[in-house]
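Protein chains in written order, with this note's numbering: chain F, 67 to 735; chain D, 21 to 173; chain V, 2 to 268; chain X, 200 to 489.
Just so you know, these hints were derived from the structure itself, not from any lab.
Keep in mind that this is a model prediction, so the values were computed, not measured.
Yeah, the Cβ is synthetic: ideal placement off N, Cα and C, and Gly gets one too.
Among the clues, some could well be false.
[What the hints assert, rightly or not] Subject to a maximum C-alpha distance of 30 Å in a straight line, what follows is the list of computed DSSO-like cross-link-like pairs (lysine-lysine):
| # | chain 1 | residue 1 | chain 2 | residue 2 |
| --- | --- | --- | --- | --- |
| 1 | V | K268 | D | K73 |
| 2 | F | K461 | V | K70 |
| 3 | X | K440 | V | K259 |
| 4 | F | K307 | F | K370 |
| 5 | F | K582 | X | K289 |
| 6 | V | K263 | X | K487 |
| 7 | X | K440 | F | K416 |
| 8 | F | K688 | V | K268 |
| 9 | F | K202 | F | K300 |
| 10 | F | K575 | V | K259 |
| 11 | V | K239 | X | K354 |
| 12 | F | K307 | F | K364 |
| 13 | F | K539 | X | K354 |
| 14 | X | K440 | F | K461 |
| 15 | X | K341 | F | K539 |
| 16 | V | K69 | F | K582 |
| 17 | X | K341 | V | K259 |
| 18 | X | K215 | X | K300 |
| 19 | V | K70 | F | K688 |
| 20 | X | K358 | F | K582 |
| 21 | X | K443 | F | K449 |
| 22 | V | K263 | D | K73 |
| 23 | F | K461 | X | K215 |
| 24 | X | K341 | F | K532 |
| 25 | F | K575 | F | K470 |
| 26 | V | K268 | D | K134 |
| 27 | F | K389 | F | K322 |
| 28 | F | K416 | F | K484 |
| 29 | F | K582 | V | K70 |
| 30 | V | K239 | X | K341 |
| 31 | F | K539 | X | K440 |
[To be verified] Residues of chain V placed beyond 12 Å of chain F at every Cβ, according to the derived structure:
| # | residue |
| --- | --- |
| 32 | F36 |
| 33 | L86 |
| 34 | Q91 |
| 35 | E116 |
| 36 | V167 |
| 37 | P183 |
| 38 | G208 |
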Amino acid sequence: MARIGVFICHCGENISATVDVEKVAQEAAKLSGVAFAIDYKYMCSDPGQTQIIEAIKEHKLTGIVVGACSPRMHEATFRKAAEKGGINPYLCEMANLREQVSWVHARSEATTAKAIDIVRMMVQKVKQDSKLFPIKVPVIKTALVIGGGIAGIQAALDIANAGHKVIMVEKAPSIGGHMSQLSETFPTLDCSQCILTPRMVEVAQHPNITLHTFAEVESVSGYVGNFDVQVRLKAKSVDMKLCTGCGSCWQKCPNKKIPDEFNAGLSFRTAIYTPFPQAVPNKPVIDRANCSWFQKGKCGVCKKVCPVGAINYEMEDEIIDIKVGAIVTATGFDIKHTDFFPEYGYGEFKDVIDGLQFERLASASGPTNGEIRRPSDGKIPEKIVFVACAGSRDKAKGIEYCSKICCMYTAKHAMMYKHKNHDGEAYVFYMDVRSAGKNYDEFVRRAVEEDDVQYIRGRVSRIYEKNGKLIVKGVDTLMNAEPIEIEADMVVLATAVVANQDAESVAQKMHISYDKHHFFAEAHPKLRPVETNTAGIMLAGACQTAKDIPDAVSQASAAASKVMGLFSSDEMTREPVVAVVNRMMPPQFTTCTGCLLCMEVCPYHAIEREEILDRRTGEILKVAARVNAGLCQGCGTCVAFCRNKSIDLQGYTNQQMLSEVIALLNKPF
Amino acid sequence: MPDFEPKIVAFVCNWCTYAGADLAGTSRTKYAPNVRIVRFPCTGRIDFMLLMKAFENGADGVIISGCHPNDCHYTSGNFHARRRWITFRSLLDFIGFDIDRITFSWVSAAEGRKWAELVDEVTNTIRAKGPFTEISTLDSSKLKQLFYDEITK
Amino acid sequence: MTKLQNKVAELFENGTINLMIGFKNALTNQPVPCFIENASQAELLIYTPECKNNLAVYLHKPEVKQSKKIGIFGNMATLRSIVQLTSENQFWDIEKTILTIDANDEVIVFANMEELETYVQENFPDISEEDLKLLAYLDSLTREERWNYWTEQFTACIKCYACRAVCPMCYCSQCTVECNQPQWVKVSSKTSGNMEWHTIRAMHLAGRCVNCGECGRTCPAGIPIHLLTARMNQDLFKEFGTRPGFSTKGEYALNTFKVDDKEGFIK
Amino acid sequence: MQIGFYPGCSLEGSSKEYSQSLLAVAEKCGVTLEEIKDWSCCGASAAHSLNHDLSIALPARTLALAENQGMTEVVIPCAACYGRMAASQKAMLEDASVLKKTQGFIDMKFLGNVQLLTVFEFLQKYIFPVADQYIVNKLNQKTACYYGCLLARPKELTKLERPENPMEMEAVMEKAGATPIDWAFKTECCGAGFSMSRTDIVAKLSGRILEDAADRGAESIIVACPMCQSNLDLRRPEIKKQLKKDINIPVLFITQALGLSMGIPAKDLGLENHFVSTGKAVSCIVKKEA
């Protein structure tokens, strides 16, 4: 038999001014199962809490209802008190008599009546409460970092330096990501590779970091603290242990006409290749799609010339299973290419290039050794037009967002061009110049004032070729909106930053959500910007949204610290408000009929297929749903969804919710 | 019916509307005392049967409210709920239930005022409609009689 | 022997099946479901347009399940049910061979679910004419008239649950109405309780019902309850474009959503 | 099969030859076009900038009429008319409230089941399949296919794959044995909006179009929009002043060019109605070798 205690708080005058608290307490005392009811000035005060604790002991209470402020305010406080009193904290419920009664209604019969109703409702609920205990989940203190760009590198190093094991997976043959392609970086104009390559080497040599390049995540299962991840190590066709990276293979390779990804297609590479001189690891892989051995079955030059016999054409993809406690997703971004722009020639004009291509032209290690030359004829352009917001902030192009980095790198590009060709002319078409950031606006001003880059506020409507020149038609919205035309030798489009081609499938593998542009979604836009909705999976860098280097790096460190927090104890505890699928004696085992339609409903993929097996024969006796308490966040959508009520939500059970409703309406209960 | 005071039950989610109702309190926004709030973790948790039960047990009107689309604390609970309501409404409408007695709404944690206005508005409409008797009178033999006449014709 | 009978006999002989669910003539000359256990009985099998029963319901019965290799003859409703039930993961424990007779009455034995799926999708039926008429009639009524119509119907219900028994989609080992903690549905067959049952039933079948009409045909009180689910299907198709029993991957309206689902009714 | 036909004002007046040649070609290929009875203005020039409801109601009336007259498809050669008609239909089909409102205005039911055809769609669907048997001549000239604005845009309405660089006309001209050139002003503005009020702007814009076509050796310019045609054809004196040179490339409607290739006499195609002599274009024509 339930023995419920009811404690009505005056909250000074806050409640008692409009609610007849004595009456509420008296009425509560009459309710069946209520063994003790009292009202007091300040329930949350020490004496107030002591009263509760004493009452629980003295009257052997099996549950308590505190009629006071909102549970969002003091539920924790009173649950602690309940615990001190010797009952399970989840046997304490609050009736919200302040925020939702006394503060919103005038003193009246009705107001007091409402208070009584709410108390009656909570008494019914607490009668149905059952003891709950926080869920403890063991944590594997190894982190997986997906992506070896600057964000991934930063996160990996931070976690590794904190003394935890890190496994890094990079799909390219080398780590370094887009940053390794950049020439110089704003706002300091220091060379990208000079600051990046040391970190790349650090990753390769760090005792706590295991690096898998030319590898991709195949599948992710499990839950926070206990992920099971399958990684595909793509066949490199080169034995990394034997290879010394001498380079005789790629020097001799006959297939020399393959567009070089690292140089954004502005030069060629061989079929067996290391993406760039400072690659980590600095050992080649064979690009099978372009290798005559794999395509035509003949050649084998690299095998012949390799002094250590490291070439292995028979090598196959390998799938390895790893167990990690947390995952940092740093899969980076891509940019729109010039073929995305009909009005700028559908990518058919050779000298209309995108930002990354310009980076390579301007880079000392690039195809032109840092001399800015036209891809079409290798001439040094006398006039370059830069088009900012190419695709970005353009609804018609399906990209409403700002790509954030373009204003800055366009200024940088114009500057670098001017530094390299003093009498060259640089024009920038822009919508707005967004240069918020430390020393950012100063940087843009420098481009305008010191390097006299011509900024034209307006859009470019069309580019066409006419006798060897690119005619750029636009409008200057400041010079009394005159349409203008510039005969340029080269045009650089600051094309929109977009999510990777495979972002969607990656997100689906990880069970994390993503926005309509396939950028990964953070758990909360303001308060949980580096976590995802799947506990234990963090975000770093431009896979979440367009970011420049400082932003990517700071988010990476933030993600790393989230991981370290998770790794700070051997076990993590979670609220016991989770869904459970009922269990009963064989042969029924559970009322769940295993339709598994609920699996689709769960936002956290916490519902799994369970096969109940015969202990001896091992044959399947029943298929049912099972809720993974590690993943469940307790929304209860599955509960309302389950047709025959086989799933229930602890703390908000069907029994409780229904009796709340009945208690509320049928009076006297 | 002048002195009729409707009983209105509100099923709300913990993160948006319940917090919104709290905000109405902290900002001392007054509204009709006819509403009784039942707190759920998420609109996704609200079982359509609870609506039936509320009406059977004498509710005159029901409010269902949660986070605005895309604001759901659990990312998609409210989207699933929305489909459930679309379906349930069309069923109720088909069997001739007065669906105007059910009000669906999105009230965010910041919309204390919207909450207060919603409650007042619903209270007034329901007050105008009068008490809900269609279900409570169902089991009375009158209807049975009517039905037997019908088939014995 | 008819093509069907031969085919089934053959299936028994080459051991593909050891139980066949189909139709035979009852003494009343009305087709009734029957269970064939060997080749010699195959000649009992018939198929006429009167063979309306949805045989899929038997696939849930333990007695049937235990004879693992089951052949089943499917009219369209049955085939759709099988597709839907596959999407609901119900056949993990049996091997079934599905037969049907197509328009130019050839016997088809489906090699796999894909074939069945394509066949169903190609011949996907619409709600029957007379049901459409009834629905249209009900739509023509005022809200109050509809309420009276249905409550009168529900008053006649005796809660025999025949509608549940004949429905292949009602396979829960323990139905909500048997769930007593809490008691969702009143036990007595009072009108309000009956209404609870029928709304629950309609909601649980919404987007899953294949419009076979068995529930309506079987109801001893003659309540056209199949209209409830038929209407649900109409509306769900209008709103979300989902069709029960259309895809084995399942396209169930209520466990998915679109961010831009219509929400005109939400304030 | 009965295909509806909406000429609109231009094709009744300034660009008679457009409808004349279209009908001639259709007739040649045994396709009958049924003019919508009692059609009214599409509201292109002014309505949609003055009164939104009116801009939807005007086309809606004509479309509803077409439906009532049992038409399932309507050809709308004029780019502006097509734009308005399509926009109106889209607006009504996408928003029930707009539909309801508009039906109120026009006091007619609108079901939205007439399919609107641009001149390209019409040619592709009904003329191409049979064209080869009727094409007897080879136009044998370099032509610049000019689309202007409304034929290609907005994408949502015109359904063109490459709105900034369409290829539909080129396809037709190749069939007719001409050599379409690659040029830069295909979809540039001819100044139509100002064709009456600011002929100086028309001269400037159209001038540049002509100039580029000339520079790239075009012997004829092919258009499918009345405004384009009149601006490029009618405004030559102003253009001459503007460019300080005389360009005498004729401007033909796509249907006229196609008609010529089918051996339809120039006068039946209204070729003599042009300001710039079309003789040059005609003179290039040779018999198609079998």
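Practice item. Measure nothing beyond the straight line between the CA atoms of F:K416 and F:K484; if it is 30 Å or shorter, mark the hint as holding. Key: Given that 30 Å is the threshold and the Cα spacing comes to 22 Å, the pair holds.
Check your understanding: Under the criterion that the straight-line Cα-Cα distance not exceed 30 Å, is the pair X:K358, F:K582 satisfied?
Key -> 24 Å, holds
Review point. Is the straight-line distance between the alpha-carbon of F:K688 and that of V:K268 30 Å or less?
Key: It is violated: about 44 Å lies between the C-alpha atoms, which goes past 30 Å.
**Study point:** 30 Å Cα cutoff - pair F:K582, X:K289
**Key:** Status holds; Cα separation ~25 Å.
Check your understanding: Is V:K268 within 30 Å of D:K134, Cα to Cα?
Key -> 10 Å, holds
Check your understanding: Has the given pair, F:K307 with F:K370, been kept, meaning a C-alpha gap of at most 30 Å?
Key -> The hint holds at about 18 Å.
Point to revise | V:K263 paired with X:K487 [C-alpha distance capped at 30 Å] | key: 59 Å, violated
Review point. Is the Cα-Cα distance between F:K539 and X:K354 30 Å or less?
Key: The hint holds at about 21 Å.
**Study point:** Straight-line alpha-carbon gap F:K575 to F:K470, limit 30 Å
**Key:** 28 Å, holds
Point to revise | Separation of V:F36 from chain F, once the least beta-carbon distance is taken, above 12 Å | key: 24 Å, holds
Exercise for review: Take the C-alpha atoms of V:K69 and F:K582, compute the straight-line distance between them, and say whether it is at most 30 Å.
Suggested key: 46 Å, violated
Point to revise | Restraint check for X:K440 with V:K259, where alpha carbons must lie at most 30 Å apart | key: Cα-Cα ~60 Å, so violated.
The earlier numbered hints that this structure contradicts are 2, 3, 6, 7, 8, 9, 14, 16, 17, 18, 23, 27, 29, 30, 33, 34, 37 and 38.
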